[in-house]
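Peer 1: Residues per chain are reported as follows:
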Amino acid sequence: MERRTFVKLLSSTPLAPALASGAEAAEIPRYRTVTSHRPAVVPGMPGPYPGTVISVKSARSLSPDGLKVDGEVVREMMERGMRSLTGANRTVDAWKQFFNRDDVVGIKVNAGGRPWVVSTPEIVVECVRNLMAIGIRPEQIYIFERFEDQMDEINYAQYLPPAAAGVNIFSAERANQRYSNANYDPSVYVEADFFGEDDTRSNMITLISRKLTKIINIPNMKDHGATGVTGCLKNIAYGGFSNVARTHYRGTSHTLSFVGTLAAVEPIRSRTVLQIMDGLRGVWHAGPFASTLKYVFFPRTIMFGTDPVAIDRLLIDIIDEERKRQGAISIWDRNEKTLDFMNGKKRDDDPNVNIIIREPGHVEFAAKLGLGVADITKISLREIEL
Amino acid sequence: MRWGIILLLLSGLSILPGAKAGLNETLPTSVETGGGPLIYWTGGVSTVEEVRKAGVVELAVPAAEVAAWQKSGLRIHGVGETDLANHRPVAVPKLAGRGNVASATRRPWIDANGWVFTKYPAGKFIYDELPAGKSGLAAAEAYAYGVNALLKVAREDLEMAARTINDLRRLPVARLPIVADFTVVDNNSPQIDEVLNLLTRRNLLYRIVPAPVASYPINIRLGTKEYPEADAADPSAFAQTIRVKIGDENRSLRVYGSEIIIARLTGDGARGRVHLLNYSGRQAEGLRIRVRGNYRSGTLAALGFGKENLEETLVTKGVYEGTIPKMGTYAVIDLR
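Residue numbers (the numbering used here), protein chains in the order written: chain P, 1 to 386; chain L, 1001 to 1336.
One or more of the hints may lead you astray.
Taking CB as the label site, the calculated pair distances span [claimed, not checked]:
(1) P:336 / L:1224: 36 to 46 Å
(2) L:1246 / P:27: 27 to 37 Å
(3) P:337 / L:1246: 37 to 47 Å
(4) L:1237 / P:294: 35 to 45 Å
Over 10 Å on every C-beta distance to chain L, these chain P residues come out as not near it, computed from the model [to be verified]:
(5) 66
(6) 100
(7) 186
(8) 196
(9) 289
(10) 293
(11) 324
Read the hints as simulated data drawn from the structure, not as lab findings.
Even for Gly, the Cβ is constructed at its ideal location relative to N, Cα and C.
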């Protein structure tokens, strides 16, 4: 097979953030990106609304204890958010700005925070409903994530209305144990050696590179032990490629540069056209997991945009402020005294313990790759309360 | 209760979805294949039907029992006590949990024998008391390195062992020289064995030599200024240093999609053969290989999955890449 290959080399450390004290960020590895896909005229990230974020909050979106979702309120939040983002008078016209009836659309959910903090099924269903409203058939829609066992626990299919029968539920691997590389594209990958691992390639999910024409990204508001926060960028980057957990090991994280590097690879960058940050519930510590409610909080908010960097920049403050409110160390804390990299249980028990030095600077790094706006003074935030 | 079965393996065999050897199928003998698997059975001739039912076609037995087995219709080889004692014991091949040992990466530990086979290519080996489920991998491991090895397998593994041996024998024989990216001078130092083990584990292709060879860009001789013995105290770090020196782009063989595959490459410039050993105990899917060389096509035979072409092949100047859709314990790729 002959193909055109575009190779981009990123070396040295010009984008490493200045660090005040504590553990220094690891040197940026040498990346080799291989893809034959060209960028769209207007790549989906940052898309037509760089630096713009619509935040819709409703106290009624969840029950008082936060455990039950009100689907009708979520629908209203979605409609208001999409219309406000696009300026359209009708919701259907808002969706038409991003999709047409010929598109094959992937909905990238986040299932890692099961059971409490995952892409809320009611939000996913609203996406499906609106896509169908503009003429996209259920068979052209894929709800996807990397790991089947996580998806099985949520079982999105049970939430879909009968009219949506035919929507595809797709997982790239059976579980997070590297059982299979079969659903990853051997011709689209980023190669890097982080810790001397043998397998130095992270390949894009083939569904993304060969089938989907558009992607809706639905991350959650979550803390992350390696990246600081896991929002739009990490959900589409680490959720769209294989072999990514290798970037953080024994206290050191290369997520600073790798998250943005992956998100910038074509065609994922061009095809991810809509960001819907699910902040009905959030995780302020021990993320990205949420097996208990211990560190779950309830922002009751959904954010809309096309700029993943801008949304994630706001997410950093949301998570850090909640941590501050809870008396926990900042996600920016680089004090090695907080580090106990072999002790996940201690991290789970104590919000002042890190297992890895977090790298929230990955958001700024992504901005420098052209994926969006990280400068808080240049982000236009429109807040709506229902 | 364990019955002793010993399989004597050789080089160069074949793979089809593992059926038992049919009555009308004549597999090459161990003599014809230049070494080859023999089954050494200490259960006695009274178990001949069990042995036949398992698909065994060639068998080694204690020398004293040879006469009793001659009427079995099987190909029988006697192994005397002295001969048996001359077989070097090797480890049970497996994924090994070593939680108390710090590792440099997430890479799991593997108990493998490739380095021993490379160091003693003309040696005789014995897999002693293989637990159930390990005979297939042991047979494939010895086959991949082209050595004679005796396998003492669990009774419940008899059929698996026979099937594996038969499948391996169906492979076309390809006696090709090993491909190496560097040499290691065997100075018989205590550290050298573990260095060889880790180099093999990392799929770093080496040739063991008595003295440095000028045609290789890297010659490792422990105890020299360039490679002090102290550096080999951490063989994993040492292997990584060698890897960096070679440069991944320059390596003759790379494997992507798993950290639990050990590969071996042989070739003569026109032909190449890649052996892939899967120590994970489970099926591997979508494994990708990258081989340096002017190869245009590759034929895959994966034990239990039959013969097929590699998928998603990519031929660029001096590099051949391809994907193995599925493989179990062992796969071999013939390149031309």
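Peer 1: A separate judgement is required for each hint: does it hold in the structure or not?
Peer 2: Tested hints:
{"no.": "1", "hint": "P:336 / L:1224: 36 to 46 Å", "verdict": "holds, 37 Å"}
{"no.": "2", "hint": "L:1246 / P:27: 27 to 37 Å", "verdict": "violated, 21 Å"}
{"no.": "3", "hint": "P:337 / L:1246: 37 to 47 Å", "verdict": "holds, 39 Å"}
{"no.": "4", "hint": "L:1237 / P:294: 35 to 45 Å", "verdict": "holds, 39 Å"}
{"no.": "5", "hint": "66", "verdict": "holds, 36 Å"}
{"no.": "6", "hint": "100", "verdict": "holds, 31 Å"}
{"no.": "7", "hint": "186", "verdict": "violated, 5 Å"}
{"no.": "8", "hint": "196", "verdict": "violated, 4 Å"}
{"no.": "9", "hint": "289", "verdict": "holds, 18 Å"}
{"no.": "10", "hint": "293", "verdict": "holds, 30 Å"}
{"no.": "11", "hint": "324", "verdict": "holds, 33 Å"}
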